[in-house]
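Trainee: Model the placement of chains B and C on the given structure of chain A, informed by the hints.
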Amino acid sequence: MSTGEGAGAAGTGPMESGAAGTGPVDTGSVLLHATDVGKRFGGIAALTDVNLVVNTHEVVGLVGPNGAGKTTFFNCLLGILRPDSGIVTFRGIDISRMPTHKRARMGIGRTFQRLELFTGMTVREHLLVTERSRRGTGSLWKDLLNQGGPTDDEHAAAQETIDLVGLGAEADKPVESLSLGRNRIVELARALQLRPSLLLLDEPSSGLDRKETHALVDVLHGIQQSQGTAVLLVEHDLEMVVRAVSRLYVLDLGRLLTSGPVEEVMADPNVREAYLGSMAETLSPTRGDS
Amino acid sequence: MEDLLVYIVRGFPAGCVYGLVAMAIVLTYKTSGVFNLAFGAQAYVAAAVFYKLGKEHDWPIGVAAALAVLVVSPLLALGLEYFIFRHMRTQPLVVKLVAALGLLTALPEITKLWFGKEIKNLPPSVAPSPDRLYKITDRVTITQDRLVTVIASLLVFAALTALFRYTVLGLRMRAITESPRMVELAGVNANMVSRVAWTLSGFLAGLAGVLFAHTEPQLRPDNYTGLLIVSIAAAAFGLFKSIPRTLAGGMIIAIVGGQMIPGWLGVERTITSYIRPSFPFLMLFAILVFVPGIRQSRETTDPLAGVDPPPPALAASYRDAQLDRLTRKILFPAFIAAVLYLVLFLLPGLWVSRVTEGVCLAVIFLSITVLTGLSGQLSLAQSVFAGAGAFTVGQLSERYGWNPLIGLLFGALIAAAAGALVALPAMRLGGLYLAVATFALALLAQNALYGRDWVGGFAGQVDIPRPKAFGIDFGEDKPFFVLCAVILTLLSYAVIFVRRGSTGRFLFAMRGSETAAAASAINPVKYKLIVFAFSSFIAGVGGALLGMYQGVASTGFEGQSIFSPFYGLVFVVLVVTLGVRTIQGAIVAAMSFVLFPLLLEWLKLPIEFSLILFGFGAITFARHPEGIMEANTRKSVLRAAENKANPRLARKRRLIAWAMMCAIAVPVLVRSATRDAGATELNVGFTVLPIECGTAWEAYTDFDPEGVDAAQRPALHSACKTEARKHFTHTSGIKLWDYGGAWKALFLFLFGFLRFSPSLIDGRRQGGRPSDESGEQVPGPTDREEVSV
Amino acid sequence: MATATGSGTTVSSPEAGATAGAGAGVRATTPLLAVEHIDAGYGPFRSLFDVSFTIEEGAATAILGPNGCGKTTTARVVTGLVKPTAGRLLLDGVDITGLPAWRIARAGIIHAPEGRSVFASLTVEENLALTFVAQLGKKESPRALQRAYELFPRLGERRKQQAGTLSGGEQRMLSLARVMVNPPRLLVADELSLGLAPIIVDEVFQTLETVKSTGTSILIVEQHVQRALALADHAVLISKGSVVASGPVEEIRAHVDEIIPSGL
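One line per chain: the protein sequences are A, B and C, in this order. With my numbering applied, the first sequence covers 1 to 290. With my numbering applied, the second sequence covers 1 to 789. With my numbering applied, the third sequence covers 1 to 264.
Chain A with its partners taken away, still in its complex shape:
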């Protein structure tokens, strides 16, 4: 383990240039393509030339230590932050300059690491609002004629999502009264309500116990099977990552360290050093499991 440490420190530099070229992907099925995305805050480079591809129907993992820039990258993908450089295409369309809500309507749903809920609303209200905004049928004039309330159609759609993620018991409770774990599911449900073709999940399992995590993975699998939603997953829980994803990207200090199939990446000594540190060995049994 001690030898690995030294090599990791030295190996960080050259690896990312190799990663930039990675991606033996069939262009026909590329859903999301981020090219050379860079973002600086003041003098600090949060992201440097990050390249990432997500294909349709695919579950991709993005891992890295705290402060590696994963959430910043998500924010750049969705337009919550404007990247300083780079291009993001979605379904072949350049969305780099598109405002967030348009990207969402195109079919990118996301959850947040720090919960971002509509405080004061119930679970159902969250979904009804999202369903309305997805349809884009709201207008002030309809509201003024008292036609702005949720329609039967929208109620049905919301109920469908509630059943899908299993929030039936809590559907009419305000989100403040739910536990952190359930609120993560509410965020997932809200993202699903957009009928996304790509889900960006930011540490969905943090704050969940093992059982809940397993349930979440099952829900994700179900959605991926039934609706063909692609998923980009930022996760600390490597067990979950290994269970869920087919390909893995490793981000460190704002740079892409490496990428590729899970087994390959996990075996990479540089990754083990930079990210897993000296405790990579504890992961071996987990990988054996899956």
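If you are wondering where the hints come from, they were derived from the structure by calculation, not from laboratory data. Just to be clear, a hint being listed does not mean it is correct.
[Claimed, not checked] A partial selection of chain C residues facing chain B, derived with a Cβ cut-off under 10 angstroms:
{"hint": "1", "residue": "Arg106"}
{"hint": "2", "residue": "Ala112"}
{"hint": "3", "residue": "Ala129"}
{"hint": "4", "residue": "Val133"}
{"hint": "5", "residue": "Arg178"}
{"hint": "6", "residue": "Ser239"}
{"hint": "7", "residue": "Ser242"}
All values derive from a computational prediction rather than experimental measurement. Where a beta carbon is used, it is the ideal one built from N, C-alpha and C, also for glycine.
Mentor: Showing chains B and C alone in chain A's frame:
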């Protein structure tokens, strides 16, 4: 070149004063997170003490100034910190802002109780012979007063700079601006440091107040409010942190805006009269909108910001469905019918007029319910949007003979357009900065637009006729009242529908989390525009109605017009205090604004008390950020649950409540029953009887009051009163007034009922609150939503 | 470099363990800090449930657990930044629950918080002086500054530089210099290695070793589990806001594997 020197010498003293206040603002904002708008009032208090002692009590001028600046003002600041703002540390910025606004309106009025209401002319100067001239060059001179201002200010600046740079205290203050938490971790008592900072800021405000006094012909609070806003512009120039830049900001406003630009443009030209008073507000607005660094909030610089727990979540409000229906279907209509019946058929004309005024104001207040209640944004320009509506109606009907009803619609549309324009900066600003920017815009409008012929009319006022339509002459009070009430009802329902519909729900989602709303395909920009436009539209309608009610819209250069920015402050404080999320909050706020002065008169309290109480109401807001009415409702729900669980407690509470009500009502009943009838009208007529009385007086004395023998006056006076009462009863056909005591008792009983009713009617309490619009309240306005503005 | 770290750990561990063992033997009754049945949380979310552990004089205690399990909250409760809703904190047997953070700091519990932990707009010297004046008084402050520069010559070179312009590692040094000069009773090291390059992490841990050798107790909250375990004498495992296991490092090591896979 010499011109330049002249400008600098002329502008320099004013720049110093702006700099002083600006530094006081920066100091407290940075060390305790309170953007203290009350500094204007604090400076006024210091000046008042100085005036009172130095001029009216003939104290030595130095002693008076020292007492005001070194003792009174710092103590006042310390007191505000200790009794009010200390408790608001963890409250959202907007809560502190509203509390400070309340103080800004209340402090001068409290001071006046001691200082006196009359006009205070020619405030003294600190300098012994203020008008003595000193030569700088042959052409450039400076008075002693100004010289003293400059020297004193520069000394203070130097001392402050040294304090910050070289002392431990200064170091601690600088550290605290970055993170109070981390300062605590270093073993420093952050509270103590911020208390010292407050005291220091009080000294600065006091010094500014005393130095500023002599530069104006009269000592008036609104001068100091103006000073405050100009100083905010200076502070903004310093990005709310740098002392030298803050001072430079003050100088730019005073020298460039106050002297150079007018000098270059020509003092006499119209354009100068537009630009000169507007310069600081334009500058403030431009800085807020275009300098991104200024909006960098505390949260992003404080690495430990996440430590403060989010405010507690609401107890979800439970409502019994059956009672809810009862309220909506029966009690609410019954209440409305009762009010209509009272106003239209029972009460004297004065009441119709007063209630109409209240209804017009309620429409304006409804605009605040929409903006602040739905979107959580705080705009201080609502009175100006209302003015836009009023002036448009007046101009259109006066110049082009339009039907006022069409003019009203047009005026509202213009107000809506203005609101949408304001929304553009609102996209990027939020919370505090939006509030300050809208206030700057409001002052800009007042200074640059209200004086124009095509806005405020030739004599500073526009006549506004009442409409005639559908064969009805709304010039009469009662039809006009009905018109206003109908419009209020329509708009109220519009607001309820919008809140229930997509717009309201989207805005509510944005309050919860704007990021998540955008990520859920909601377009935040569009909905901010909509809510601003909709809100200003309503304000425009309300303003037009109010103008019609008054028959005239005046620009009020002495700050007395209801459309002046000052009232924009009062409106927001009032509505937010009482409850900004419900229609009933707006209506109660409007009615109390109109009827409260009457109540005060009846209680023989000076009229200033209303402003004072409104101001202090703002402080209670800190305890109930969701509004007093909402807090009451929640309390009653809670109590009802307790009562249900514990019948003994319920019985005890009911007993106490009845006892309290009897304690209030019985003495009043007894007292009025034992008094002679002749004395009643003193209490009864509010304002009507004195007028009638005056008419009678004139008739009795043959319009020569001076010619009456002094000894006969009391008898004659008494006869006049009797006559007046007879006359009044005769013309109005109402005998109610004779039962003044009973009337009073009834009023108090109702008051007590509202106050104590949670205990009286247990779970039925919801039914007893008839003005609650349809009770479809969304559960859960929380403090956090107030933050997310 | 790698070997140095390795040898450092092997040498110091038994040594410190012996000290701690001796300390425990002498006054088993009053530990330096006792955390008793603490509940805490932010608003509606409770993040700690009935957390109890003790910290012995001169020993290093590590708090381990998955992300978001309440490690940082525990650290904040100990230093008074977060007020517990139930339970007690005893420093030398004296109840310090609910005291303001600055009083706890003066009592000798110093918090080196996660993330950026220096005042960015103040110079290096001012950062140090702020702490030294508060803890040692105005007179002692210059001497303490002198010592800090002797210990960390790099800081001496940059004394007039704004702390915000220092590199991440230098900022950590600055943070630790305050502790090194005037060793507190208890240092709460909260994710000190977060976002640092491995080589800097090594340096940080070496510094912590030095701090510990001066007799200061350390409460260490870390992601780098193995490193934390190498430094610590005792460990507390937290999961979902509750203590799962606690005891000497040797015993805990066995449990660690159980919780590590579910989060780094």
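Trainee: Each hint should be assessed against the structure and marked as holding or not.
Mentor: Hints, verified against the model:
Interface hint status for Arg106 of chain C: upheld, as the beta-carbon distance to the closest one in chain B is roughly 5 angstroms, under 10 angstroms. The restraint placing Ala112 of chain C at the interface with chain B holds, with a minimum CB-CB distance near 9 angstroms, inside the 10 angstroms limit. With a least beta-carbon distance of about 7 angstroms to chain B, the hint placing Ala129 of chain C at the interface is held under the 10 angstroms criterion. Because the beta carbon of Val133 of chain C sits about 5 angstroms from the nearest beta carbon in chain B, less than 10 angstroms, this interface hint is met.
The beta carbon of Arg178 of chain C comes within 8 angstroms of a beta carbon in chain B, closer than 10 angstroms, and the hint placing it at the interface holds. A least Cβ separation of about 22 angstroms between Ser239 of chain C and chain B goes past the 10 angstroms threshold, and the interface hint is therefore violated. Of the supplied interface hints, the one on Ser242 of chain C is violated, with its beta-carbon coming no nearer than about 20 angstroms to a beta-carbon of chain B, more than 10 angstroms.
Going through the hint list in order, the structure does not satisfy hints 6 and 7.
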